[in-house]
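> Residues per chain are reported as follows:
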Amino acid sequence: MAQDLDAFRAETREWLEASCPEEMRQPVDGEGDVYWGGRNAEFKNEAQKAWFEACREKGYTVPDWPKEYGGAGLSPAEAKVLRQEMARINARPPLSSFGIWMLGPALLHFGTEGQKQHFLNEIARGEIRWCQGYSEPGSGSDLVSMQTFGEDKGDHWIVNGQKIWTSYADEADWIFCLVRTDKNDKYRGITFMLFDMTNDGVSTKPIKLISGNSPFCETFMDDVKVPKSYGEGIPAYVGEINRGWDVAKYLLGHEREMISGAGNKERSGSLGPKLARNGIDNPVLRAALAEYDIDALAFGCMGEKFLDELKVGKGHPAQPNMMKYAGTELNKQRHELMMSAGGSRALEWESEETSGGTPARSWLRTKANSIEGGTSEVMLNVIAKRILELPGA
Amino acid sequence: MPLYLDEDQQMLADTASEFMAEQGGIEKQLRHWRDKGCKDGFGHGLWEQFAEMGFTGMMVDEDHGGLGMGHAEAGIVLEQIGRNLTPSPFLTSSVMAASALDAASDDLKGRWLPGLVEGKSVFAVAVDEGPKHNPQSIKTRAEKSGNGFKLTGAKTFVVQGASADMLVVAARTSGGDADDDGITLFAVPRDAANMTQDPVRLVDSSMASHITFDGVELDGDAVIGDVDGGRAVLNKMLSAGRAGAASEGVGVAGGAFDMTTEYLKQRKQFGKLIGEFQALQHRAAHVYSELEIARATAIKAAQMLDEDAEKADLIVSVAKAKVGKVARLAVQEGVQMHGGIGMTDEYDIGLFMKRDRALHEFLGDHYFHADRVARLSGY
Numbered sequence: 001m002a003q004d005l006d007a008f009r010a011e012t013r014e015w016l017e018a019s020c021p022e023e024m025r026q027p028v029d030g031e032g033d034v035y036w037g038g039r040n041a042e043f044k045n046e047a048q049k050a051w052f053e054a055c056r057e058k059g060y061t062v063p064d065w066p067k068e069y070g071g072a073g074l075s076p077a078e079a080k081v082l083r084q085e086m087a088r089i090n091a092r093p094p095l096s097s098f099g100i101w102m103l104g105p106a107l108l109h110f111g112t113e114g115q116k117q118h119f120l121n122e123i124a125r126g127e128i129r130w131c132q133g134y135s136e137p138g139s140g141s142d143l144v145s146m147q148t149f150g151e152d153k154g155d156h157w158i159v160n161g162q163k164i165w166t167s168y169a170d171e172a173d174w175i176f177c178l179v180r181t182d183k184n185d186k187y188r189g190i191t192f193m194l195f196d197m198t199n200d201g202v203s204t205k206p207i208k209l210i211s212g213n214s215p216f217c218e219t220f221m222d223d224v225k226v227p228k229s230y231g232e233g234i235p236a237y238v239g240e241i242n243r244g245w246d247v248a249k250y251l252l253g254h255e256r257e258m259i260s261g262a263g264n265k266e267r268s269g270s271l272g273p274k275l276a277r278n279g280i281d282n283p284v285l286r287a288a289l290a291e292y293d294i295d296a297l298a299f300g301c302m303g304e305k306f307l308d309e310l311k312v313g314k315g316h317p318a319q320p321n322m323m324k325y326a327g328t329e330l331n332k333q334r335h336e337l338m339m340s341a342g343g344s345r346a347l348e349w350e351s352e353e354t355s356g357g358t359p360a361r362s363w364l365r366t367k368a369n370s371i372e373g374g375t376s377e378v379m380l381n382v383i384a385k386r387i388l389e390l391p392g393a
Numbered sequence: 001m002p003l004y005l006d007e008d009q010q011m012l013a014d015t016a017s018e019f020m021a022e023q024g025g026i027e028k029q030l031r032h033w034r035d036k037g038c039k040d041g042f043g044h045g046l047w048e049q050f051a052e053m054g055f056t057g058m059m060v061d062e063d064h065g066g067l068g069m070g071h072a073e074a075g076i077v078l079e080q081i082g083r084n085l086t087p088s089p090f091l092t093s094s095v096m097a098a099s100a101l102d103a104a105s106d107d108l109k110g111r112w113l114p115g116l117v118e119g120k121s122v123f124a125v126a127v128d129e130g131p132k133h134n135p136q137s138i139k140t141r142a143e144k145s146g147n148g149f150k151l152t153g154a155k156t157f158v159v160q161g162a163s164a165d166m167l168v169v170a171a172r173t174s175g176g177d178a179d180d181d182g183i184t185l186f187a188v189p190r191d192a193a194n195m196t197q198d199p200v201r202l203v204d205s206s207m208a209s210h211i212t213f214d215g216v217e218l219d220g221d222a223v224i225g226d227v228d229g230g231r232a233v234l235n236k237m238l239s240a241g242r243a244g245a246a247s248e249g250v251g252v253a254g255g256a257f258d259m260t261t262e263y264l265k266q267r268k269q270f271g272k273l274i275g276e277f278q279a280l281q282h283r284a285a286h287v288y289s290e291l292e293i294a295r296a297t298a299i300k301a302a303q304m305l306d307e308d309a310e311k312a313d314l315i316v317s318v319a320k321a322k323v324g325k326v327a328r329l330a331v332q333e334g335v336q337m338h339g340g341i342g343m344t345d346e347y348d349i350g351l352f353m354k355r356d357r358a359l360h361e362f363l364g365d366h367y368f369h370a371d372r373v374a375r376l377s378g379y
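In the order they appear, the protein sequences are chains A and B.
Residue numbers for the first sequence follow the UniProt record's numbering, beginning at 1 and rising by one.
Residue numbers for the second sequence follow the UniProt record's numbering, beginning at 1 and rising by one.
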């Protein structure tokens with residue numbers, strides 16, 4: 001077993017050496033460096049294209065998914081080796097996608113065979129870019145209060161309503177969307193629907209954020225016709241009709257894990273050694289960095305423990321909430337310190353030197369971490385209720 | 001190694017948890033000896049029971065009668081010690097001194113280890129020379145004298161020094177006060193002439209000594225490891241102690257936190273259980289999160305020491321610092337959430353705060369380790 005892993009590691013190392021272009025071995029620097037796939041996708045450069053295509057052939061856009069759904073069918077141990085080897089050479093992710101992070105896991109768990117064959121392969125090949133239709137004006141963390149309604153018309157629904165904070169909706173091809181299909185039951189009256197954004201009646205409008213960027217949109221649905229099926233064995237909804245909340249909750253767990261940055265070295269590693277390259281001559285800043293590094297390295301240990309436990313089904317099911325809470329607060333602090341260490345240079349909003357004002361914009365962006373995917377306060381409520389079992393919580 | 005307990009470790013955890021709750025509990029041990037004004041601050045009977053359980057020599061190799069276990073296993077026992085505030089010489093004797101003796105000659109091992117394994121002997125470590133932990137600077141000197149050495153100097157905060165049958169003393173045999181080289185470790189027996197102890201009771205009811213060596217004569221075979229080359233052994237002993245203290249701190253914090261959440265579930269004010277108030281729920285949930293992170297870090301530190309991993313020292317300091325911060329948060333929130341009765345001697349929560357304070361100071365507080373993290377990281 002260990003021998004097989006050693007062989008796999010050697011093989012992986014060799015493959016990465018041959019397949020990952022030098023330009024793809026640098027830290028991601030801003031949005032343009034990320035390839036999202038989709039119908040209208042364009043590669044930033046040849047290296048990005050080559051790296052993506054090499055990974056797609058190998059099933060390495062989704063290494064731990066089964067081969068029949070476009071993955072490489074790696075075991076958890078092999079997937080870990082691949083992650084480690086990619087991290088060793090700082091390889092960028094070949095494809096970023098809400099399909100991979102969120103819809104994929106939900107389909108693997110709740111999807112029909114037909115849905116898996118169809119949608120998972122598309123996601124793995126980066127053909128369709130997905131967005132997530134969860135929040136609504138007035139229904140942020142209190143998601144089940146959502147109002148978007150799908151009226152049952154037999155073989156289809158007519159959907160009306162508005163979603164908000166739909167990340168990259170203006171660039172997405174399809175949406176996975178929570179729609180109320182029964183007004184009488186708060187939880188058991190939601191259906192998890194999949195539909196094409198080019199359908200008549202779907203429109204989007206970007207929301208400009210404090211970072212100056214517009215990664216989020218408002219999405220409007222005005223008499224949108226959503227069929228109940230896309231063919232034999234491919235329903236247009238995941239799980240059961242009116243039981244979409246189960247799917248949504250499952251998916252939120254994955255989203256929180258992702259936002260928490262568990263296992264993400266770039267986010268959970270220490271900061272001092274990086275900033276120290278330019279010299280830290282202020283003892284108070286040095287002390288703040290050391291305090292941060294302690295928290296970050298400790299959180300890294302927790303992330304490792306969490307992933308280890310996940311593999312063997314140990315650990316409390318509400319643990320992702322704790323990871324999300326701690327990870328996002330930490331990330332905000334990280335960017336505060338990066339701003340301090342950067343000084344006036346980090347304040348630049350549009351300079352070439354700071355590649356379009358990346359430090360300042362990233363700093364502002366992180367402030368959403370403790371709001372999106374359930375606020376820190378909601379995470380604390382969940383911990384109090386489900387883990388600590390405090391009364392009336 | 002995965003960051004959770006394997007089957008054998010889980011069995012050890014269950015055994016240690018049961019034993020410590022039954023035999024090492026606060027009422028039976030800490031309060032009992034404290035209220036008696038016991039000069040040792042712990043019970044030797046319990047120490048012999050530790051031996052019967054196989055705890056005393058768990059880190060001693062099998063050739064010398066021990067179980068040959070690692071830091072991870074010692075950490076499991078220490079967490080239960082912390083949780084029950086069990087006063088014992090386990091950390092100094094079975095973890096730190098045992099780690100130092102690992103580098104000793106067979107003769108020296110043969111002289112001291114059987115007593116430890118049987119629970120008959122207690123060891124202490126004498127490193128610090130001032131009120132703050134600073135093992136880089138060692139002024140206590142051991143001059144060559146005949147076939148042996150003559151020890152002169154003073155040590156502070158020697159935990160259970162007066163009860164110890166043997167002291168591991170770090171002294172300088174050459175070089176300047178802050179040099180890495182020139183350190184030698186000695187096993188100094190309790191009846192050595194010209195050694196005076198000034199034992200004091202600390203805030204957590206434990207006993208620590210200020211010790212003066214006024215030309216203490218030692219045989220050449222009292223040397224642990226190599227003359228002048230003791231820094232590496234000293235560092236190993238300190239790392240073992242720091243990782244162990246982190247595990248014990250997780251236990252102290254966990255014990256205080258569990259006591260606090262139980263209290264939140266039964267204490268009523270304004271016609272409600274106080275655990276219903278969101279202000280308290282959020283603070284409790286925050287402590288929980290931090291405590292889980294601290295626990296993961298302590299386990300990781302122990303595992304890295306067992307694996308002799310490259311960054312073990314860094315993570316040991318991260319663990320000692322993180323646990324220090326988190327345990328302080330847990331005990332302070334504990335006292336605050338208990339309200340007025342948290343200030344009474346009758347309730348145990350205050351005992352957790354006292355123990356945390358002493359443990360936090362032992363082998364470097366979180367400022368010491370934050371500084372060390374920065375140094376080890378190159379800034």
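Simulated from the structure, these hints should not be mistaken for laboratory data.
Quick reminder that beta carbons are idealized off the backbone N, C-alpha and C, glycines included.
The reader is advised that the hints may include incorrect statements.
What the hints assert, rightly or not - Pulled a few chain B residues facing chain A out of the computed Cβ check, cut under 7 Å:
no., residue
1, Gly-110
2, Thr-261
3, Glu-262
4, Lys-265
5, Gly-271
6, Phe-277
7, Ala-279
8, His-282
9, Thr-297
10, Leu-376
Said to hold, decoys possible - BS3-like, lysine-lysine: derived pairs with alpha carbons at most 27 Å apart:
no., chain 1, residue 1, chain 2, residue 2
11, A, Lys-49, A, Lys-80
12, B, Lys-120, A, Lys-385
13, B, Lys-36, A, Lys-385
14, A, Lys-153, A, Lys-183
15, A, Lys-385, B, Lys-150
16, B, Lys-150, A, Lys-311
17, A, Lys-183, A, Lys-225
18, B, Lys-354, B, Lys-36
19, B, Lys-132, B, Lys-120
20, A, Lys-80, A, Lys-58
21, A, Lys-311, A, Lys-80
22, A, Lys-186, A, Lys-208
23, B, Lys-132, B, Lys-265
24, A, Lys-274, A, Lys-228
25, A, Lys-274, B, Lys-311
26, B, Lys-150, A, Lys-80
27, A, Lys-208, A, Lys-228
28, A, Lys-228, A, Lys-153
What the hints assert, rightly or not - Which bits of chain A does chain B cover? Going by a derived footprint, with three or more residues having C-beta under 8 Å, they are:
no., region
29, 84-92
30, 296-305
31, 373-384
> Are the hints correct? Go through all of them and say.
Do the hints match the structure? See the list:
1. Gly-110: This interface hint is violated because 38 Å lies over the 7 Å limit.
2. Thr-261: Constraint on Thr-261(B) satisfied, holds at 5 Å.
3. Glu-262: Result: violated, 10 Å to nearest chain A Cβ.
4. Lys-265: holds, 6 Å
5. Gly-271: violated, 12 Å
6. Phe-277: Interface hint status for Phe-277(B): violated (9 Å vs cutoff 7 Å).
7. Ala-279: Violated, because the Cβ-Cβ distance from Ala-279(B) to chain A comes to roughly 11 Å (cut-off 7 Å).
8. His-282: holds, 4 Å
9. Thr-297: With a minimum Cβ separation of about 4 Å from chain A (threshold 7 Å), the hint on Thr-297(B) holds.
10. Leu-376: violated, 10 Å
11. Lys-49(A) - Lys-80(A): holds, 24 Å
12. Lys-120(B) - Lys-385(A): violated, 48 Å
13. Lys-36(B) - Lys-385(A): violated, 43 Å
14. Lys-153(A) - Lys-183(A): Given that 27 Å is the threshold and the Cα spacing comes to 16 Å, the pair holds.
15. Lys-385(A) - Lys-150(B): violated, 63 Å
16. Lys-150(B) - Lys-311(A): Measuring from Cα to Cα gives roughly 58 Å; hence the hint is violated.
17. Lys-183(A) - Lys-225(A): Status holds; Cα separation ~19 Å.
18. Lys-354(B) - Lys-36(B): holds, 18 Å
19. Lys-132(B) - Lys-120(B): violated, 31 Å
20. Lys-80(A) - Lys-58(A): Holds. Lys-80(A) to Lys-58(A) sits at ~16 Å (cutoff 27 Å).
21. Lys-311(A) - Lys-80(A): holds, 11 Å
22. Lys-186(A) - Lys-208(A): With a Cα-Cα distance of about 32 Å, the restraint between Lys-186(A) and Lys-208(A) is violated, given a limit of 27 Å.
23. Lys-132(B) - Lys-265(B): violated, 40 Å
24. Lys-274(A) - Lys-228(A): Violated, at roughly 52 Å.
25. Lys-274(A) - Lys-311(B): Within the cut-off at roughly 17 Å; holds.
26. Lys-150(B) - Lys-80(A): violated, 56 Å
27. Lys-208(A) - Lys-228(A): The given pair, whose Cα atoms are some 34 Å apart, is violated under the 27 Å limit.
28. Lys-228(A) - Lys-153(A): The hint holds at about 10 Å.
29. 84-92: violated (count 0)
30. 296-305: Per the Cβ count (7), the hint holds.
31. 373-384: Holds: 6 residues of the region 373-384 of chain A have a Cβ under 8 Å from chain B.
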